[in-house]
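Listed here are the chains, written in short residue letters.
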Amino acid sequence: MARMKFLCDIERCIDCKGCVIACKEGNGVPVGINRRRVITINQGKPGEKSISIACMHCSDAPCIAVCPVNAIYQRDDGIVLVNKDVCIGCGYCFMACPFGVPQFPKGDTFGKRGVMDKCTFCAGGPAPNFSEKERRLYGQNRIAEGKVPLCAAMCSTKALLAGDGDKIARIFQERVARRGSGAAAPGWSTAYK
Amino acid sequence: MKPKFRAVGMQAAVALFLLTAGSFVAYAEMLLRKFGSISTVQAFKEFGVISPQWHKYAGEFIAFTHKIGSWYLPVLVGVPLLFLLHYLVIGPKSFSHKGQPIPFYGAFTRFLHWAVAILFSTVVVTGLMVLYAKALGGGSLILTARTLHLLCGYGFAVVAIPLFLIWLKDMLPAPYDIKWLFMAGGYLSKDVKEVPAGKFNLGQKMWFWLAFAGGAVMVYTGYYISSLSLQPEILTGYLKIHLILGLFIVALFITHLYMSLFAIKGSLSSMISGYKWEDEVRVLHSRMLKKS
Chain A
9 MARMKFLCDI ERCIDCKGCV IACKEGNGVP VGINRRRVIT INQGKPGEKS
59 ISIACMHCSD APCIAVCPVN AIYQRDDGIV LVNKDVCIGC GYCFMACPFG
109 VPQFPKGDTF GKRGVMDKCT FCAGGPAPNF SEKERRLYGQ NRIAEGKVPL
159 CAAMCSTKAL LAGDGDKIAR IFQERVARRG SGAAAPGWST AYK
Chain B
1197 MKPKFRAVGM QAAVALFLLT AGSFVAYAEM LLRKFGSIST VQAFKEFGVI
1247 SPQWHKYAGE FIAFTHKIGS WYLPVLVGVP LLFLLHYLVI GPKSFSHKGQ
1297 PIPFYGAFTR FLHWAVAILF STVVVTGLMV LYAKALGGGS LILTARTLHL
1347 LCGYGFAVVA IPLFLIWLKD MLPAPYDIKW LFMAGGYLSK DVKEVPAGKF
1397 NLGQKMWFWL AFAGGAVMVY TGYYISSLSL QPEILTGYLK IHLILGLFIV
1447 ALFITHLYMS LFAIKGSLSS MISGYKWEDE VRVLHSRMLK KS
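Line by line, the protein sequences are chains A and B.
According to the working numbering, the first sequence holds residues 9 to 201 in order.
According to the working numbering, the second sequence holds residues 1197 to 1488 in order.
It is worth saying that the hints were derived from the structure and are not from the lab.
Where hints are given, some of them may not hold.
Once the Cα atoms are required to be at most 25 Å apart in a straight line, the calculated SDA-like pairs of lysine to any residue come out as [unchecked claim]:
{"no.": "1", "chain 1": "A", "residue 1": "K92", "chain 2": "A", "residue 2": "T48"}
{"no.": "2", "chain 1": "A", "residue 1": "K114", "chain 2": "B", "residue 2": "S1336"}
{"no.": "3", "chain 1": "A", "residue 1": "K120", "chain 2": "B", "residue 2": "T1318"}
{"no.": "4", "chain 1": "A", "residue 1": "K120", "chain 2": "B", "residue 2": "L1457"}
{"no.": "5", "chain 1": "B", "residue 1": "K1263", "chain 2": "B", "residue 2": "V1321"}
{"no.": "6", "chain 1": "B", "residue 1": "K1241", "chain 2": "A", "residue 2": "I47"}
{"no.": "7", "chain 1": "A", "residue 1": "K141", "chain 2": "B", "residue 2": "K1330"}
{"no.": "8", "chain 1": "B", "residue 1": "K1386", "chain 2": "B", "residue 2": "L1457"}
{"no.": "9", "chain 1": "B", "residue 1": "K1436", "chain 2": "A", "residue 2": "P106"}
{"no.": "10", "chain 1": "A", "residue 1": "K114", "chain 2": "B", "residue 2": "K1395"}
{"no.": "11", "chain 1": "B", "residue 1": "K1241", "chain 2": "A", "residue 2": "R45"}
{"no.": "12", "chain 1": "A", "residue 1": "K120", "chain 2": "B", "residue 2": "K1386"}
{"no.": "13", "chain 1": "A", "residue 1": "K92", "chain 2": "A", "residue 2": "R144"}
{"no.": "14", "chain 1": "B", "residue 1": "K1401", "chain 2": "B", "residue 2": "V1415"}
{"no.": "15", "chain 1": "A", "residue 1": "K120", "chain 2": "B", "residue 2": "L1280"}
{"no.": "16", "chain 1": "B", "residue 1": "K1263", "chain 2": "A", "residue 2": "D68"}
{"no.": "17", "chain 1": "A", "residue 1": "K114", "chain 2": "B", "residue 2": "K1401"}
{"no.": "18", "chain 1": "B", "residue 1": "K1263", "chain 2": "A", "residue 2": "V46"}
{"no.": "19", "chain 1": "A", "residue 1": "K120", "chain 2": "B", "residue 2": "L1337"}
{"no.": "20", "chain 1": "A", "residue 1": "K92", "chain 2": "B", "residue 2": "L1324"}
{"no.": "21", "chain 1": "B", "residue 1": "K1330", "chain 2": "A", "residue 2": "I61"}
{"no.": "22", "chain 1": "B", "residue 1": "K1330", "chain 2": "B", "residue 2": "T1261"}
{"no.": "23", "chain 1": "B", "residue 1": "K1241", "chain 2": "A", "residue 2": "G173"}
{"no.": "24", "chain 1": "A", "residue 1": "K92", "chain 2": "A", "residue 2": "R143"}
{"no.": "25", "chain 1": "B", "residue 1": "K1263", "chain 2": "A", "residue 2": "R143"}
{"no.": "26", "chain 1": "A", "residue 1": "K92", "chain 2": "B", "residue 2": "A1409"}
{"no.": "27", "chain 1": "A", "residue 1": "K92", "chain 2": "B", "residue 2": "A1331"}
{"no.": "28", "chain 1": "A", "residue 1": "K114", "chain 2": "B", "residue 2": "M1325"}
{"no.": "29", "chain 1": "B", "residue 1": "K1252", "chain 2": "A", "residue 2": "I72"}
{"no.": "30", "chain 1": "A", "residue 1": "K114", "chain 2": "B", "residue 2": "L1332"}
{"no.": "31", "chain 1": "A", "residue 1": "K114", "chain 2": "A", "residue 2": "I47"}
{"no.": "32", "chain 1": "B", "residue 1": "K1386", "chain 2": "B", "residue 2": "S1219"}
{"no.": "33", "chain 1": "B", "residue 1": "K1395", "chain 2": "B", "residue 2": "G1381"}
{"no.": "34", "chain 1": "B", "residue 1": "K1436", "chain 2": "B", "residue 2": "A1409"}
{"no.": "35", "chain 1": "A", "residue 1": "K114", "chain 2": "B", "residue 2": "G1351"}
{"no.": "36", "chain 1": "B", "residue 1": "K1330", "chain 2": "A", "residue 2": "N78"}
{"no.": "37", "chain 1": "B", "residue 1": "K1241", "chain 2": "A", "residue 2": "N78"}
{"no.": "38", "chain 1": "A", "residue 1": "K32", "chain 2": "A", "residue 2": "G122"}
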């Protein structure tokens, strides 16, 4: 079976944050939470690079290992999902995740936390496919519709690749081979000579 | 001007032009190269997507979360069993409650004690519910327990301060506490012997310091665990402190319940009425009467 993965091509990412907005709007993500974020280094200086990061849907995910109620689980295609009916919002997954992915909406009582929210690879959640509950708790289920996640679908430079790990690895390899690096990157001969 | 001199001037001008233009070109070339100067690998390091400390603390933390539940079980089962054994073999201490009633706890102290008692008990019970969330099915029940845990924890932090100050003087360690420790407070024999203790004995003092000083640590670490406002490597450390210290607090909490509800008859009513009877105080708090 295909193993779903994300890959962000940092030679293409232009820090437009379209992926963040698309995800947030399209999935009805709670206030104060971004399932995806863009990190930029050397902003405005030579060597500026950006990367878009969300849940990496790890193999042997640490969040699954520490979850005290087994609310987090992994599908056969590698997508890691959380069951919001079972999650107790303890925050162990946040402490175990190397990417700082799990987020918790602030409740109204003394800043108490709600249940964990994270990227679903646009695969909804444990609720029945396309149900009202699934849309409300987890957002869209584009995987069940046969589409790629919103962030990758709207990426204007196609820096963000999502899908079968083997296929996106091949696309990335072809890109690297074609453009080389540095001054051999696409557009350089037109723009700078 | 001689033709020869003009030719030298031309040569100098051309050389100067080549030098200036050449350095501009070289500078432009350098600027252009800079844009491609960061390698992908170097960029990934600079993004800091993965916390550099993660490899050090994560494995240990995962192992800890798997073990901690089984550390609490012996305390939750073993300590009550031990006290059951004590109750059956040695039995509770009871006094005739004759003689003069001695004022022991003022009205304000009693009010504070019961306020703290309710908050503290709720914190202990809800804390254990969160720890054993899997057995309880998780979900909204545990979310409610966590909210109560937070509210009562903060409430405890406020109400405990005046009670701490009221009792602090009598809770300071005294030389005769060592003697109390060697005879285990007289709890291991059926004989009614005078026990060296002032207003509070060493057992009560231990509970006092664990509940209040330990409670302060619990509130401090608990605040950060609930707000998640620190680096994960510090948060995992705080969580370990919170859960291991909690283990000792739960053990003494059960002890306090056993002592006040079962082991010493009339102990509970003294915290309600505020009085202890003279015969009981002469035995269990002998130094208190000698002082006055």
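Structure-based check of each hint:
no., hint, verdict
1, A/K92 x A/T48, "32 Å, violated"
2, A/K114 x B/S1336, "15 Å, holds"
3, A/K120 x B/T1318, "17 Å, holds"
4, A/K120 x B/L1457, "34 Å, violated"
5, B/K1263 x B/V1321, "20 Å, holds"
6, B/K1241 x A/I47, "12 Å, holds"
7, A/K141 x B/K1330, "23 Å, holds"
8, B/K1386 x B/L1457, "18 Å, holds"
9, B/K1436 x A/P106, "19 Å, holds"
10, A/K114 x B/K1395, "46 Å, violated"
11, B/K1241 x A/R45, "17 Å, holds"
12, A/K120 x B/K1386, "50 Å, violated"
13, A/K92 x A/R144, "11 Å, holds"
14, B/K1401 x B/V1415, "20 Å, holds"
15, A/K120 x B/L1280, "39 Å, violated"
16, B/K1263 x A/D68, "19 Å, holds"
17, A/K114 x B/K1401, "39 Å, violated"
18, B/K1263 x A/V46, "36 Å, violated"
19, A/K120 x B/L1337, "15 Å, holds"
20, A/K92 x B/L1324, "21 Å, holds"
21, B/K1330 x A/I61, "31 Å, violated"
22, B/K1330 x B/T1261, "13 Å, holds"
23, B/K1241 x A/G173, "22 Å, holds"
24, A/K92 x A/R143, "12 Å, holds"
25, B/K1263 x A/R143, "36 Å, violated"
26, A/K92 x B/A1409, "36 Å, violated"
27, A/K92 x B/A1331, "17 Å, holds"
28, A/K114 x B/M1325, "21 Å, holds"
29, B/K1252 x A/I72, "19 Å, holds"
30, A/K114 x B/L1332, "24 Å, holds"
31, A/K114 x A/I47, "23 Å, holds"
32, B/K1386 x B/S1219, "101 Å, violated"
33, B/K1395 x B/G1381, "14 Å, holds"
34, B/K1436 x B/A1409, "17 Å, holds"
35, A/K114 x B/G1351, "20 Å, holds"
36, B/K1330 x A/N78, "8 Å, holds"
37, B/K1241 x A/N78, "32 Å, violated"
38, A/K32 x A/G122, "18 Å, holds"
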